[in-house]
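**Student:** What follows is the residue order along each chain.
Protein chains: 2
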Amino acid sequence: MKNILIIGCGLLGSSLLRKISKNKIAKKIFIYEKSRSHILQIKKLKLKGTIVNKLEDGIKQSDLIILCTPMSSYKKIILKMNSFLKSDHIITDVGSAKKESFKIINKFLKKNISWTSSHPITGSEVSGPRYGKHDLFENKWCVLIKDKNTNKNHLLKLKFFWKSIGSKIVEMDTEKHDKIFSITSHLPHLIAYNLVKSAQDFEKQEKYDLIKFSAGGLRDFSRIAASNEIMWRDIFFNNKKNISKAIDLFIKNLNSFKKDINSKNNKSILNKLVMTKKVRSKIIKLKQDINKPDFGRN
Amino acid sequence: MKNILIIGCGLLGSSLLRKISKNKIAKKIFIYEKSRSHILQIKKLKLKGTIVNKLEDGIKQSDLIILCTPMSSYKKIILKMNSFLKSDHIITDVGSAKKESFKIINKFLKKNISWTSSHPITGSEVSGPRYGKHDLFENKWCVLIKDKNTNKNHLLKLKFFWKSIGSKIVEMDTEKHDKIFSITSHLPHLIAYNLVKSAQDFEKQEKYDLIKFSAGGLRDFSRIAASNEIMWRDIFFNNKKNISKAIDLFIKNLNSFKKDINSKNNKSILNKLVMTKKVRSKIIKLKQDINKPDFGRN
Numbered sequence: 002m003k004n005i006l007i008i009g010c011g012l013l014g015s016s017l018l019r020k021i022s023k024n025k026i027a028k029k030i031f032i033y034e035k036s037r038s039h040i041l042q043i044k045k046l047k048l049k050g051t052i053v054n055k056l057e058d059g060i061k062q063s064d065l066i067i068l069c070t071p072m073s074s075y076k077k078i079i080l081k082m083n084s085f086l087k088s089d090h091i092i093t094d095v096g097s098a099k100k101e102s103f104k105i106i107n108k109f110l111k112k113n114i115s116w117t118s119s120h121p122i123t124g125s126e127v128s129g130p131r132y133g134k135h136d137l138f139e140n141k142w143c144v145l146i147k148d149k150n151t152n153k154n155h156l157l158k159l160k161f162f163w164k165s166i167g168s169k170i171v172e173m174d175t176e177k178h179d180k181i182f183s184i185t186s187h188l189p190h191l192i193a194y195n196l197v198k199s200a201q202d203f204e205k206q207e208k209y210d211l212i213k214f215s216a217g218g219l220r221d222f223s224r225i226a227a228s229n230e231i232m233w234r235d236i237f238f239n240n241k242k243n244i245s246k247a248i249d250l251f252i253k254n255l256n257s258f259k260k261d262i263n264s265k266n267n268k269s270i271l272n273k274l275v276m277t278k279k280v281r282s283k284i285i286k287l288k289q290d291i292n293k294p295d296f297g298r299n
Numbered sequence: 002m003k004n005i006l007i008i009g010c011g012l013l014g015s016s017l018l019r020k021i022s023k024n025k026i027a028k029k030i031f032i033y034e035k036s037r038s039h040i041l042q043i044k045k046l047k048l049k050g051t052i053v054n055k056l057e058d059g060i061k062q063s064d065l066i067i068l069c070t071p072m073s074s075y076k077k078i079i080l081k082m083n084s085f086l087k088s089d090h091i092i093t094d095v096g097s098a099k100k101e102s103f104k105i106i107n108k109f110l111k112k113n114i115s116w117t118s119s120h121p122i123t124g125s126e127v128s129g130p131r132y133g134k135h136d137l138f139e140n141k142w143c144v145l146i147k148d149k150n151t152n153k154n155h156l157l158k159l160k161f162f163w164k165s166i167g168s169k170i171v172e173m174d175t176e177k178h179d180k181i182f183s184i185t186s187h188l189p190h191l192i193a194y195n196l197v198k199s200a201q202d203f204e205k206q207e208k209y210d211l212i213k214f215s216a217g218g219l220r221d222f223s224r225i226a227a228s229n230e231i232m233w234r235d236i237f238f239n240n241k242k243n244i245s246k247a248i249d250l251f252i253k254n255l256n257s258f259k260k261d262i263n264s265k266n267n268k269s270i271l272n273k274l275v276m277t278k279k280v281r282s283k284i285i286k287l288k289q290d291i292n293k294p295d296f297g298r299n
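Order-wise, the sequence lines are chains A and B. Quick note on numbering: the first sequence equals residues 2 to 299 in this note's numbering. Quick note on numbering: the second sequence equals residues 2 to 299 in this note's numbering.
To be clear, the hints were calculated from the coordinates, so they are not data collected in a lab. Hints should not be assumed to be uniformly reliable.
Subject to a maximum C-alpha distance of 25 Å in a straight line, what follows is the list of computed BS3-like cross-link-like pairs (lysine-lysine) [said to hold, decoys possible]: (1) A:Lys45 to A:Lys77; (2) B:Lys242 to A:Lys265; (3) B:Lys55 to B:Lys76; (4) B:Lys205 to A:Lys100; (5) B:Lys259 to A:Lys265; (6) B:Lys265 to A:Lys76; (7) A:Lys205 to B:Lys286.
Looking from chain B toward chain A, a few residues come up when the C-beta cut is under 8 Å (computed) [unchecked claim]: (8) Leu211; (9) Phe214; (10) Gly297.
Since the structure is predicted, the reported quantities are computational estimates derived from the model, not experimental observations. By construction, the Cβ of each residue, glycine as well, lies at the ideal position given by its N, Cα and C atoms.
Start from the sequences, fold in the hints, and give me the full structure.
**Tutor:** Structure, rendered in structure tokens:
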């Protein structure tokens, strides 16, 4: 890539910016950012890159355009970009749900322009450029969407780009992507939000001050439940069919757990508790988490 | 305390052992442990304390007796201890659910012997003496149960003991204890087990290899779902009424979330996601978790 335009410079956008600049992956980096607070942070942190006031200026000078905004902004941005886009522009996004985004893209993106979608599996409960890190993508999976309409040439170039960022690449079609992440990411977030919500409800209902006793489990969920609300609303709405199915499976299993507990079904419950333990070993073996008790946090 | 007997020397027992010995809290420490593997670890680690083969030897020489075994062993241990217990023995346990344990204690413990129950809010997903740490209790809450039958003198001495271990003390009655921890600890564990179970079911059903994409949320739950199965079976069985109610509240809220998602109820979902964020700040302010994004693990 010669020049890169990053649209939306929050946690992910600013991490890309840091890495691109650190490893000299592009000649020039342009940033398009609407939030005043984000712009102030970028300036204060002296992140390298040219902030453009008009999308036009960034698009015309760039080969690669990366959307790092919440998915609910795609339509508006596409409509703003359309007049300046050319067929050799490589366009990608980092959104966490794909099927609904592609509906927007296919409906509003100018004809003969390709969009090749990415999903780097990384992030944090904190938001904004101040929290970005150059190594946020290091050894993390980046899913590249490969459907029948995917531009193979752009896909190849994006693969090369994400590898230079430090990611490991995996290709997947839209449907498989949205199903897998409904279980490994979207449902866990929903469950975490819901658990914290239930604790809040219980606190009100019983008039107990219980948050101070959260070290026994709740605190882990509260981290995830502190994630950006706009980003997660968009994900929940954009993958609602798969998430709905995931919720149904979850409730079915939870009722079975409840039955085991109420009937003190020793064999059935131990079977469940032992089986789930194996997943942790697998996750650590696959280097998807660190191998320290309690995340090494104490 | 002059001499202390620790019954069951796993993660908690061995952490107590380390702290008592490091800070010279007792003159002599006795350990009663059934597991061959635990005994080998204790010897290999050269933990200070005398391993006794007979409970009798430990009880007769000790002032304070601390049960750190799974709750399902209490009955057997009580029946073994009874003949050697005297009314001035201070007896406590570290079990995570109290009402059902007290039923066993009241039914099987010799008359005129007091049992004063403790619950230090700490632990880990790993088990066994090798993972114990002298600072496991440092600045953590320790709940001391105070019911109408509680021996005030023993309670006072235990308070002093747990403070010397580094814990912060809070007194609670059995009922309040079991309710609070059904929400802040027992439900979170059950939910974590159930989420990992659901991911496993989905993996089988769809024939997807999805555990490798767990960095987007699932991995956090897998840590908790790797906790000791015997300990957690006992907790689930011993607090089944409160946990059942907690499950019902959780499912009610989850169905409301599902409704919001399916109807794209922007206002309702954002309200939920913003509210839960506040709990994280509260937890950090209360020093119940570290203030580093992603637990500082990357």
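**Student:** For each hint, tell me whether it holds in the structure or not.
**Tutor:** Each hint, compared with the structure:
1. At most 25 Å may separate the alpha-carbon atoms for a hinted pair to count; Lys45 of chain A and Lys77 of chain A exceed this at roughly 28 Å.
2. For the proposed pair Lys242 of chain B and Lys265 of chain A, the alpha carbon gap of about 12 Å is at most 25 Å, so the pair holds.
3. A distance of roughly 17 Å separates the Cα atoms of Lys55 of chain B and Lys76 of chain B; the hinted pair therefore holds under the 25 Å criterion.
4. Proximity of Lys205 of chain B to Lys100 of chain A is assessed by CA-CA distance (about 23 Å); at most 25 Å being required, the pair is judged to hold.
5. The hinted pair formed by Lys259 of chain B and Lys265 of chain A fails the criterion: a straight-line CA distance of about 30 Å is larger than 25 Å.
6. Only pairs whose Cα atoms come within 25 Å are accepted, and Lys265 of chain B paired with Lys76 of chain A is accepted, the gap being roughly 17 Å.
7. For the suggested pair Lys205 of chain A and Lys286 of chain B, the alpha carbons sit about 20 Å apart, so the restraint of at most 25 Å is met.
8. Given the 8 Å rule on beta carbons, the hint for Leu211 of chain B holds: about 5 Å separates it from the nearest Cβ of chain A.
9. The interface hint given for Phe214 of chain B is met, as the beta carbon of that residue sits about 5 Å from the closest beta carbon of chain A, less than 8 Å.
10. With a least beta-carbon distance of about 6 Å to chain A, the hint placing Gly297 of chain B at the interface is held under the 8 Å criterion.
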